[in-house]
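J.: Note that the protein sequences, when read in sequence, are chains A and B.
Once you know that position 71 of the first sequence is 71 in the numbering used here, the rest is easy, because the numbers rise by one and skip nothing.
Once you know that position 294 of the second sequence is 396 in the numbering used here, the rest is easy, because the numbers rise by one and skip nothing.
Keep in mind that the hints are not guaranteed to be accurate.
[To be verified] Derived Cβ-Cβ restraints for the label pairs, each shown as a range:
#1 Glu-31/A <-> Asp-399/B: 38 to 44 Å
#2 Arg-481/B <-> Gly-52/A: 20 to 26 Å
#3 Leu-175/B <-> His-88/A: 30 to 36 Å
[To be verified] Straight-line C-alpha distance at most 25 Å; calculated BS3-like pairs for lysine-lysine:
#4 Lys-14/A <-> Lys-37/A
#5 Lys-389/B <-> Lys-322/B
#6 Lys-50/A <-> Lys-37/A
#7 Lys-478/B <-> Lys-50/A
#8 Lys-322/B <-> Lys-14/A
#9 Lys-38/A <-> Lys-50/A
#10 Lys-14/A <-> Lys-478/B
#11 Lys-37/A <-> Lys-59/A
#12 Lys-50/A <-> Lys-14/A
Quick caveat, the hints were computed from the structure, so don't treat them as lab data.
A virtual CB, placed ideally from N, CA and C, is assigned to each residue, including glycine.
Residues per chain, in single letters:
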Amino acid sequence: MTALAELARLIRSKNAGPFELTFDIMFETEERYLRVKKSGALSREVVAAKYGLAPADVKFFFCDNAYAIKASIPRPAIQGDVLDSDGHGGQQYAPLMDIEVP
Amino acid sequence: MNTPLADELRILSPTGVCGSGFIESSFERGLALQPHVIGCDAGSTDPGPAYLGSGRTAFPRAAIRRDLRLMLLGARRLGIPLIVGSAGTAGADGQLQFMRELVEEIAAEEKLSFRLALIHAEQDKEYLRAKFRAGRITPLPPAPPFDEGVIDRSEHIVGMMGAEPFQRALEGGAEVIIAGRASDTAIFAALPILRGFPEGIAWHAAKILECGAAAVVNRKTPDCMFAWLRKDHFVVEAPDPALRCTPQSIASHSLYENADPFRLIECSGTLDLTQSRYEALTDRSVKVSGSRFEPADRYTVKLEGAEKAGYQSILIGSIRDPYIIRQIDDWTTRLKDKIHARVAMVYGDKLPRDQYTLVIRIYGKNGTMGPLEPVKEIRSHELCLVFEATAPTQEIASTLAQIIRHQALHLPIPEWSGLITALACPYNHLDRGAVYRFNVNQVVAPDDPCEMFPTDWVDVGGAARKRAAA
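The shape of chain A in the complex, shown without the other chains (with noise of 0.2 Å):
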């Protein structure tokens, strides 16, 4: 098993609008990158239960592409709001990065 964290070349998480925040898994190398889409260990499912969410609420995407990939959730709170505390929404990504890949 390999944490996601030494897998990635970036996870990210960041604000798409005010209301919702969207996390970025981008991955080097493509062998990577199957490694980790293969392994079923980040899915739709393990993002709404780090996130308190339930699946619905989670959009989950695979960009071949570009090797990476993508979640995007309701914002916890709104951008700025009274008990917002991240108002860029950039520092919400550490639960993911512990997550086991075999």
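Mind docking chain B on chain A? Use the hints.
T.: Relative to chain A, chain B alone:
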């Protein structure tokens, strides 16, 4: 590269946001490639609701001026249009006026003259009420609830214009266009679509261009991007020879700040990237083909609004005592009770509990992720606490912060007997002024793509031009 206009259209994007900067030598190289238009986005919701709410700009005036000056000089030297969208961060009327003043100031200094089109994007509240009553305002999920109260409470509501208002200005002979809130891509797609290039090519090239050099492999600093649009493909390359685009870097760019990487929604339809092909043309330029555009059944304009959430004061403090750290949740729960009790004692019925908000952020525990933080155990030897009071007036928010400080300072724990001082405060409390929240994520269906975006025409440096002609 000197093929006739009908076969090729060249676009220079100096940077991702006007005010974030670009390297002047890259811009000169871009100009040497003979673009037909220079485009630049000048705004975003990313800096937060305060800019739409308050009318301020996220980038400093001097930095916006530096970029704008170079772009104006470059565009006038080549005699090509300069298009700037989302003026002054949020693109409301005051921010459009701010950009107009900068443009006129620079033009006077540099003795430039040109026909300027100013396209408004701030929405008239009566217009929106009428559209709402007609059932022509609909949510873009996930959207907050919308009704006439939202329209009334909003400080500003802007519409995100599509390509058509830009095209109307170009057809009217605009040499410089400064627009309020606009789709970033519409700034770049307007001219090629007007000239008959396929919309799939135009919108996809625009999507790469709107972020400047963000789509390169080795981004160092905000910088320029250049695109050659042809009838069945486009090519992108960064003017700085040190920057490289690869098929992977260009394909990856459609992920950035987008919820869906394959379907990008514009006013007039959807850019579909599922069939896009990315090929390396050289080791630093990429050829893109196969992108398609599906026209929408109904033309829609996205609305953005911000309302005042109240006035805020904050207090920053830290805790080093391991006894307090090990019971921090209990300590903050007891603290909140004490604060609310003290507020009730001070204000009585004049400040009901639902009229103010108290938030305690605990850095070193879950300050970044709040309840979503999966790590529950605190390993820090110190914690930073940020206390936030949000209230109907600044005076009340400030009073609350003073109450918070005194209550937090001396809140006892069982391990010590006697008066403790539990919080290390580097500063007095800070008054933040008005704070805002985004309150609209709806679309409106206009009768015409331009009806929400009236244009003012200004003959900048007109007198100078007349003198030169005499």
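J.: For each hint, tell me whether it holds in the structure or not.
T.: How the hints compare with the structure:
1. The hinted range of 38 to 44 Å is satisfied by Glu-31/A and Asp-399/B, whose Cβ atoms lie roughly 43 Å apart.
2. Restraint check, Arg-481/B to Gly-52/A: a C-beta distance of roughly 23 Å satisfies the suggested window 20 to 26 Å.
3. Take Leu-175/B and His-88/A: their Cβ atoms lie about 32 Å apart, and the range 30 to 36 Å holds.
4. The hinted pair formed by Lys-14/A and Lys-37/A meets the criterion: a straight-line CA distance of about 22 Å does not exceed 25 Å.
5. Annotation: proposed proximity of Lys-389/B to Lys-322/B holds, straight-line Cα distance about 23 Å (limit 25 Å).
6. For the suggested pair Lys-50/A and Lys-37/A, the alpha carbons sit about 18 Å apart, so the restraint of at most 25 Å is met.
7. The straight-line distance between the Cα atoms of Lys-478/B and Lys-50/A is roughly 14 Å, inside the 25 Å bound, and the hint therefore holds.
8. For a cut-off of 25 Å, the pair hint linking Lys-322/B to Lys-14/A stands: about 20 Å separates their Cα positions.
9. Distance check on the hinted pair: Lys-38/A and Lys-50/A sit about 20 Å apart at the alpha-carbon level, within 25 Å; holds.
10. A C-alpha spacing of about 24 Å is found between Lys-14/A and Lys-478/B, which places the hinted pair at or below 25 Å, so the restraint holds.
11. For the proposed pair Lys-37/A and Lys-59/A, the alpha carbon gap of about 16 Å is at most 25 Å, so the pair holds.
12. With a C-alpha separation of about 16 Å, the suggested pairing of Lys-50/A with Lys-14/A holds against the 25 Å cut-off.
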